[in-house]
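Protein chains in written order, with the working numbering: chain A, 1 to 404; chain B, 1 to 703.
What the hints contain is simulated information worked out from the structure, not anything from laboratory work. Quick caveat, the model's predicted, so the values are computed rather than measured. Each residue gets a CB set at the ideal place from its N, CA and C atoms; glycine is no exception. A few of these clues could be false.
Negatives, chain A to chain B, calculated, CB over 10 Å [claimed, not checked]:
1. Asn2
2. Ala38
3. Asp41
4. Asn45
5. Thr47
6. Pro107
7. Ala191
8. Ala212
9. Thr322
10. Glu343
Label pairs and their calculated CB-CB ranges [unchecked claim]:
11. B:Arg131 <-> A:Asp307: 38 to 46 Å
12. A:His399 <-> B:Pro61: 56 to 64 Å
13. A:Pro28 <-> B:Arg45: 27 to 35 Å
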Amino acid sequence: MNPHRIAVVGAGMAAARLARQLQAHSAPEDIELTLYGAEPDAPYNRTLLTEVLTGRYAAVDLPYGPGTTVRTGTEVVALDTDARKIVLADGEHTAYDSLVLATGASPVRPALPGSRTPDGDLLGGVHHLRTLTDCRLLADAAARAARAVVIGGGVLGVSAARALATLGPHVDLVHREPHLMGRHLDAESAAALRHQLTGLGIDTHLGHRPRALHGTGRVTAVELADGTRLDTDLVLLACGVRPRTHLARAAGLDVRQGIVVDDRLATSAPGTYALGDCAEHRGVVHGLADPAWRQADTLAALLSGTDPHARYTGARPLTRLTAGPVQLAAFGDPAAERHGDHEVLRLTDATRGTHRKLVRRGDRLAGAVLLGDLATLGDLLAVWQRDEDLPADPLYLIHEGARP
Amino acid sequence: MTTTDTHCPYCALQCGMGLRRPPPGAGPGVPPVEVVERPGFPVNRGALCGKGRTAAAVLDPAVRLTAPLVRDPATGTLVRASWDEALSRVAAGLEETATRYGPEATGVFGGGGLTNEKAYLLGKFARVVLRTPHIDYNGRFCMSSAAAAHRAAFGIDRGLPFPVEDIATAGCVILVGANPAETMPPLLRYFTELRRNGGHLIVVDPRRTRTAERADTHLRPVPGTDLALALGLLHLAVADGHLDEEFIADRTTGFEQARAAAMAHWPERVEQLTGVPVPLMREAVRRFADAPTAMVLTARGAEQHSKGTDTVGAWINLCLATGKAGRPGSGYGCLTGQGNGQGGREHGQKADQLPGYRSLTDPAARAHVAKVWGVDPGTLPGPGVSAYELLDRLGTPGGVKALLVAGSNPMVSAPRAAHVTERLAALDFLAVSDVVLSETAALADVVLPVAQWAEETGTTTNLEGRVILRRAAVTPPDGVRTDLDVLHGLAARLGVPRGFPTDPQEVFEELRRASAGGPADYAGISYPRIRAEDGVFWPCPHPTHPGTPRLFLDRFATPDGRARFAAVSHRPAAEEPDAHYPLHLTTGRVTAQYQSGAQTRRVPELNAAAPGPFVELHPRLATRLGVTEGQLLAVTSRRGRALAPARITDAIRPDTVFMPFHWPGAGRANTLTNPALDPVSKMPEFKVCAVRLEKAATGEQQP
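So here's chain A without its partners, still in its complex pose:
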């Protein structure tokens, strides 16, 4: 029997996990597995990039199984799902039996005057942090910078700001929203987080929209909407990511925010699957590693035939930020009380820099935040992941000493 040829477009975390699990489930002669990665690096752990930036990790390679062919620096430019072929940038056509799109996401490029050179490249000193290449360039620049500005106060912006601060430059963090990590934190938790960042020497500028970048050839300053001018040697754009769907869209697959998949991770085209940051499942694009890995495990069980009934039915991930001394976990919607009919439990200890909060709606956990004290994280996770009903007094979920 001919081996099952599986082509994976992308060589990121979801692709590596899929490859590893496919090989764990299959005899080597039964599959022929190729990962096509546009980046020059073999699969690595993207979630650790801000820590690679600080120098904490020398390498963050991920295992992908010895039988996998990884073609790095190889861009796929077109899909022909009817003929079951992919087209590479150099014109090569390659046939497959099953196709997996693991194309990930790309950084959002804000329309910011002065951020680009006339020929469309980023202005010197302006960076993204999505790939290992980005990370190397940024680390190199940070080592020579006295001042840095991070634009965007989401998870990446906050952790990158802290990482840059450890490398020497003074860091300004500019965020257009009134508080940090607005998708994950309520105002109070965000204020506590901001306080911790201040303690690390990071100046935060909230509710400030950057109006333009200045500098000829290299960035020299960021101008905010109120006219404030932040002199700087480098700028990091951390304005979110967007699923990479152009190949799927061009091939006529059903694409909304991401490439639409069902519980088997199947797209609208036969023999074609998608997973990870590029995939949209039941209307959700997570953009997080944990759901991507669950998806990879499901797809590996299906493609190898080990478990034809395997299904991915969704995940209830949490948001975690570990940035040196800053430890934060956020579940669900910690600002859910704005909808009314919610109850809130709150513990704040300014001297220890801890802030813990739980929002319940009826007998369900609507959201929670642990900042600075994660002792009850295991209990919260168990309740959150299983959507369990809460007891009358759920204080123990945010206070370790409380009796359940």
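Given the structure of chain A, go ahead and fit chain B onto it with the hints provided.
Positioned in the frame of chain A, the structure of chain B alone reads:
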């Protein structure tokens, strides 16, 4: 009064104890011996747990078998018979099956409580007399995962690579899935001493066990996630700069792959899988790596999983990466379970091994052992299947149809026990040799009453790899024979009159020769040496060799002398909770009972302490289900239903229930457990499956 120095009949610690005979004429009602302290023996220094102190109660003829039993074809009941009749029936049962279906339709199921001499002869009996590949034993349910990982990493498998006394000297010990406070209480002193010496004790267990209560740090992972936890700790060892680069370079291979595996298990991900917060993990790694010496010790909690081998491998990785192995006071060890779990697997009860821990597929090993046995190597069968596979196929085409069970009670102790009971009932012929009428013996066509620990001499190998000598203190009751007698009698009836001595020392002398040159080399060990030296640690290849209390100090037992990292990855349990079966079930032991309870359930003092099964559940779960303390609960898995009263405690996770597995009948925990097997060790997944919990229906009886 005379006191005989010997060892406890129960767990792998094999505590030293004395058996004192009362003065002559002490009168009726006085037990034949009483258990006294033996403070000079180094392992337990006199200390004994309740099981050890009351061990003499099982010698009472009233609680045990004193005559062979055979099933009366007319009435279907077991009736007393002569030894000659019983042995002839067993021989005929085995022979008829072999004639009809071939020798492979006969089989042997042994036990980790049998002495080295018995284990050795049982293996020889299967291969030389029955000529069947089908022999395995309940040790497969015990530490086979640790054994497999140990061999892969270090080239040899011995429970502990050091004497237990070294525990007290370690700067940090991580106990994974081990509860010695309940399972081997005399060992606790070493952990107490460790802490008194400034050492740090970390316990990894989903339950706040009595052992966890004594720890400095308790990590409480979701059942079935120890592998992820170990990988997460290795990741932090890398990230936080705790690697011992020199040790990795000089004494190991395969670190790059292990490192990559750890990179795939970054702390925040492991936190989501295990529920253990990152700061706790980081603190644990720091304690472990910063200590000048440190150990990881695992037991069944980590090992009895369908990924047990990989889990142990991941913990060994942590030791190797931080240089905590192959040095005095440091290393990985397995707290083995049964009395002779270690020796029982070294001398031929395991389906794929010959005496001396030799491989049954290695031509040189076959030739060596065949020579000692006086047979043509070509006549030795190949490897058979593992314990659960053997039981699962009983009575089926291609499976064993006539089975001899020695020292094991699979009807209570095997996973998916209701199915195993069906398979045992489907046999053409079943013979059981045991001390008591166990639940499995009660199913048999012939039951052979055999002598036990205080009544016969023989060696065992404890969790340290220390070969020790149990000495006969009393004569067995009338009507009882030793296992060696039984094998001798059966072999003779099956046409092999020689090669099955009844004298244990004579058997041991042959075992020495058979093991000589193998990984578990006993060639230099003798009864007089054991007596003189409080036991001898294998390997001991020559009478002038001092034995090996501490392994791997100069090199590991691999061909190149280097330890091997395992490239492993976390995977879920074979059965995870879902909407229909929303809770984890985990199983384990209580202090006063032992294994299937066949012995301890016959001791009144132990029954008073632990009278029956129970279901441990968290108060929050109890509230949700409206359950009160002591209320009868039904626990249901995909394999069956068990009944036991509620025991409400916040020592357990709210998503998990716990049942001890010592009892038969309606409260049998193993009715529920999942026989998903580890692909390498064939260990069943006793320690986690998915269940549903509800109040028992009206009319359902308390077991």
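> Ala191 of chain A clear of chain B by more than 10 Å, beta carbon to beta carbon?
Replying inline: Holds, because the least Cβ-Cβ distance between Ala191 of chain A and chain B comes to about 22 Å, which exceeds 10 Å.
> Would Glu343 of chain A pass as off the interface with chain B, using Cβ distances and a cut of 10 Å?
Replying inline: Label holds. Min Cβ-Cβ 18 Å, cutoff 10 Å.
> Holds or violated: 56 to 64 Å for the Cβ distance of His399 of chain A and Pro61 of chain B?
Replying inline: holds, 59 Å
> Non-interface claim for Thr47 of chain A: all C-beta distances to chain B beyond 10 Å?
Replying inline: Non-interface label on Thr47 of chain A violated, nearest chain B Cβ at 6 Å vs cutoff 10 Å.
> Is it correct that the beta-carbon of Asn45 of chain A has no partner in chain B closer than or equal to 10 Å?
Replying inline: Non-interface label on Asn45 of chain A violated, nearest chain B Cβ at 5 Å vs cutoff 10 Å.
> Per the stated criterion, does the least C-beta distance between Ala38 of chain A and chain B lie above 10 Å, as a non-interface residue requires?
Replying inline: holds, 21 Å
> Is the Cβ of Thr322 of chain A farther than 10 Å from every Cβ of chain B?
Replying inline: For Thr322 of chain A, whose nearest Cβ neighbour in chain B is about 6 Å away, the distance does not exceed 10 Å, so it is violated.
>> Confirm or reject: Asp41 of chain A is not an interface residue toward chain B, with every Cβ-Cβ distance exceeding 10 Å.
In response: Non-interface label stands for Asp41 of chain A: nearest chain B Cβ at 13 Å, farther than 10 Å.
> Is the nearest CB of chain B more than 10 Å from the CB of Asn2 of chain A?
Replying inline: holds, 26 Å
>> Within 27 to 35 Å: is that where the Cβ-Cβ distance between Pro28 of chain A and Arg45 of chain B falls?
In response: violated, 54 Å
> Pro107 of chain A: least C-beta distance to chain B exceeds 10 Å?
Replying inline: Label holds. Min Cβ-Cβ 21 Å, cutoff 10 Å.
>> A range of 38 to 46 Å was offered for this pair. Does it hold for the Cβ distance of Arg131 of chain B and Asp307 of chain A?
In response: Holds: the Cβ-Cβ distance is about 40 Å, inside 38 to 46 Å.
The structure fails to meet hints 4, 5, 9 and 13 from the earlier list, while all remaining hints are met.
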